[in-house]
Amino acid sequence: MPERGHILGIEGTAWNLSAALFGEDDVIALYSSPYQPPSGGIHPREAAQHHASKMKEVIGAVIGDPSEIGAVAFSRGPGLGPCLRTVGTAARALALALDVPLVGVNHCVAHVEIGRWACGCDDPVTLYASGANTQVLGFLGKRYRIFGETLDIGIGNGLDKFARGKGMPHPGGPQIEALAREGEPIDLPYTVKGMDLAFSGLISAASASTAPLPDVCAGLQETAFAMCVEVTERALAHSGKDEVLLVGGVGANGRLQEMVRTMCEERGASFYVPDRKFIGDNGAMIAYTGKIMLAAGATLDIADSAVDAGYRSDEVMVTWRQGDGDAAFARADMIGGAGARGAEALVTHLGRDVAKRRLSKGYRAPRLDARLIAERTRAEARLIAAARKAGIPTPVIRDVTHDSIVMEYIQGEMLKHCLSPAAVERTGEMVGRMHAAGIIHGDLTTSNIIIRDGVPVFIDFGLAYVSRETEARGVDVHVFFQTLESTSRDYERLSLAFRKGYAAATDDAAEVFRRVEEIRLRGRYL
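Numbering (the numbering used here), first residue to last: 5 to 530.
Heads up, a few of these hints could be off.
Claimed, not checked - Dumping the calculated SDA-like pairs for lysine to any residue here, alpha-carbon to alpha-carbon at most 20 Å:
1) K393 - G301
2) K60 - L34
3) K165 - D219
4) K165 - G301
5) K393 - D219
6) K165 - R89
7) K281 - I67
8) K146 - L350
9) K146 - T303
10) K58 - R89
11) K504 - V459
12) K146 - A426
13) K393 - R437
14) K170 - C125
15) K170 - A182
16) K165 - A182
17) K504 - A426
18) K146 - G327
19) K170 - D126
20) K281 - C125
21) K281 - V459
22) K170 - S208
23) K170 - K146
24) K60 - G45
25) K170 - S204
26) K393 - S471
27) K393 - G442
28) K170 - I190
29) K504 - E433
30) K165 - E50
31) K165 - C125
32) K393 - A426
Claimed, not checked - Per label pair, the in silico range of CB-to-CB distance:
33) D126 - R493: 16 to 26 Å
34) E475 - A101: 30 to 40 Å
35) P370 - Q261: 18 to 28 Å
Hints are computed from structural coordinates only; laboratory data are not their basis. By construction, the Cβ of each residue, glycine as well, lies at the ideal position given by its N, Cα and C atoms.
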């Protein structure tokens with residue numbers, strides 16, 4: 005690092021313009037000027053005009069002696085284009101004027117890094133819940149991989165949209181949180197698709213409800229947050245990690261923090277959430293991430309410093325962290341020994357059979373919890389039988405109750421532990437057959453496929469449903485590809501093997517794969 009060791013960080017991806025100065029080991033100064041729209045939501049051009057008019061004030065508030073600044077870091081993306089360009093222009097001008105290096109920081113990665121620094125955690129699964137981003141991230145192969153994310157609207161934007169419809173000021177989250185404390189949650193649509201989720205149907209149903217507003221707010225929070233926590237728990241179980249970090253502006257919500265903490269306590273994982281000043285968008289996260297990137301030599305030439313509104317966290321090569329994250333992905337076999345606990349259920353051995361009992365989740369509202377357990381148990385039993393009838397290898401069912409299924413014990417190895425092109429190609433073929441029979445698995449991860457004598461056997465149909473729509477099949481395959489990409493270094497070869505097997509089993513594979521690409525692009529900044 006240069007002798008001038010202070011790093012200036014400028015954040016301005018959306019509504020909050022913020023700057024900070026990071027010294028040797030702590031934040032020296034932090035100042036923010038949020039844009040407050042007079043009505044409605046954030047208008048990108050108006051927000052950028054706010055940032056331009058307040059830039060001198062915000063940066064001036066944190067700079068003491070300019071000669072002590074060793075680098076300028078800025079939020080390069082993802083974000084609103086006009087806001088990003090305003091911040092990028094200011095950062096370039098400062099770097100040139102001070103003759104110091106320029107560091108372009110990924111906004112999402114910065115949330116993770118400031119959280120790790122502020123909380124002292126090492127290798128967490130991160131739930132990143134903000135206005136436009138809802139992602140579950142984990143470190144592997146020198147990148148922050150995306151286990152799951154929203155397929156439509158970000159949770160914060162969804163809450164703000166609902167709030168605007170009810171006449172609440174921006175941001176709507178705090179208003180919804182306050183009203184929810186006074187209400188009893190109503191039933192609303194719950195949409196988890198493997199490790200991905202969708203909020204648009206939930207927001208529409210909440211907006212249309214005629215129930216008392218506090219009850220609607222309570223139902224909206226309980227449902228949306230339970231979806232986020234469920235996906236986080238799935239990633240925790242799949243990855244073998246034992247830490248969870250909550251970041252992003254929505255992470256400041258007390259009820260969401262309580263729910264994530266409860267889930268971690270039930271699983272024996274450690275829970276971390278940074279101080280409020282670091283949890284939302286802030287200049288300190290850009291300054292700190294800029295500092296560790298600078299130390300690793302990750303700087304930008306001015307000519308290469310264009311902003312990127314769709315800058316994905318998994319596009320960033322994380323050169324500043326020790327190791328590559330591979331060791332954290334434990335080989336803990338959820339079906340080995342006397343049985344084990346997965347993300348949803350406790351599996352115990354009964355000789356040649358197993359009993360799978362869905363566990364009550366302390367983080368979910370009791371009525372929602374009971375509803376999901378009953379619905380998923382019935383659906384799983386029905387669709388395992390339907391898939392088996394269609395020639396798909398599944399366990400034989402022996403007995404079903406309201407929360408449990410007794411079924412054949414499948415002895416083998418999870419696909420996530422034996423990823424080979426041959427195994428994945430055969431999996432693609434079986435998924436193609438399943439889709440041709442009109443069955444959508446709903447949770448198509450490498451933890452839910454067991455290789456027995458070279459044949460993939462499909463388990464855990466709790467999120468399964470019947471559909472012949474291209475969209476449903478595309479989401480199913482997208483979930484599988486995302487799981488591969490988040491946990492394997494050999495993604496390209498394995499995804500090609502899956503495509504080959506899938507195409508051999510169904511005539512409309514090309515249409516499905518086109519839809520998979522469309523779905524993948526939806527995950528970018530909205």
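Verification of the supplied hints:
| no. | hint | result |
| --- | --- | --- |
| 1 | K393 - G301 | violated (58 Å) |
| 2 | K60 - L34 | holds (14 Å) |
| 3 | K165 - D219 | holds (17 Å) |
| 4 | K165 - G301 | violated (41 Å) |
| 5 | K393 - D219 | violated (43 Å) |
| 6 | K165 - R89 | violated (25 Å) |
| 7 | K281 - I67 | holds (19 Å) |
| 8 | K146 - L350 | violated (33 Å) |
| 9 | K146 - T303 | holds (17 Å) |
| 10 | K58 - R89 | holds (15 Å) |
| 11 | K504 - V459 | holds (16 Å) |
| 12 | K146 - A426 | violated (26 Å) |
| 13 | K393 - R437 | holds (12 Å) |
| 14 | K170 - C125 | violated (39 Å) |
| 15 | K170 - A182 | holds (14 Å) |
| 16 | K165 - A182 | holds (17 Å) |
| 17 | K504 - A426 | holds (10 Å) |
| 18 | K146 - G327 | holds (8 Å) |
| 19 | K170 - D126 | violated (41 Å) |
| 20 | K281 - C125 | holds (18 Å) |
| 21 | K281 - V459 | violated (51 Å) |
| 22 | K170 - S208 | holds (12 Å) |
| 23 | K170 - K146 | violated (44 Å) |
| 24 | K60 - G45 | violated (25 Å) |
| 25 | K170 - S204 | holds (16 Å) |
| 26 | K393 - S471 | holds (16 Å) |
| 27 | K393 - G442 | holds (12 Å) |
| 28 | K170 - I190 | holds (17 Å) |
| 29 | K504 - E433 | holds (8 Å) |
| 30 | K165 - E50 | holds (18 Å) |
| 31 | K165 - C125 | violated (34 Å) |
| 32 | K393 - A426 | violated (25 Å) |
| 33 | D126 - R493: 16 to 26 Å | holds (21 Å) |
| 34 | E475 - A101: 30 to 40 Å | violated (51 Å) |
| 35 | P370 - Q261: 18 to 28 Å | holds (20 Å) |
In summary, the structure is inconsistent with hints 1, 4, 5, 6, 8, 12, 14, 19, 21, 23, 24, 31, 32, 34 from the numbered list given earlier, while agreeing with the others.
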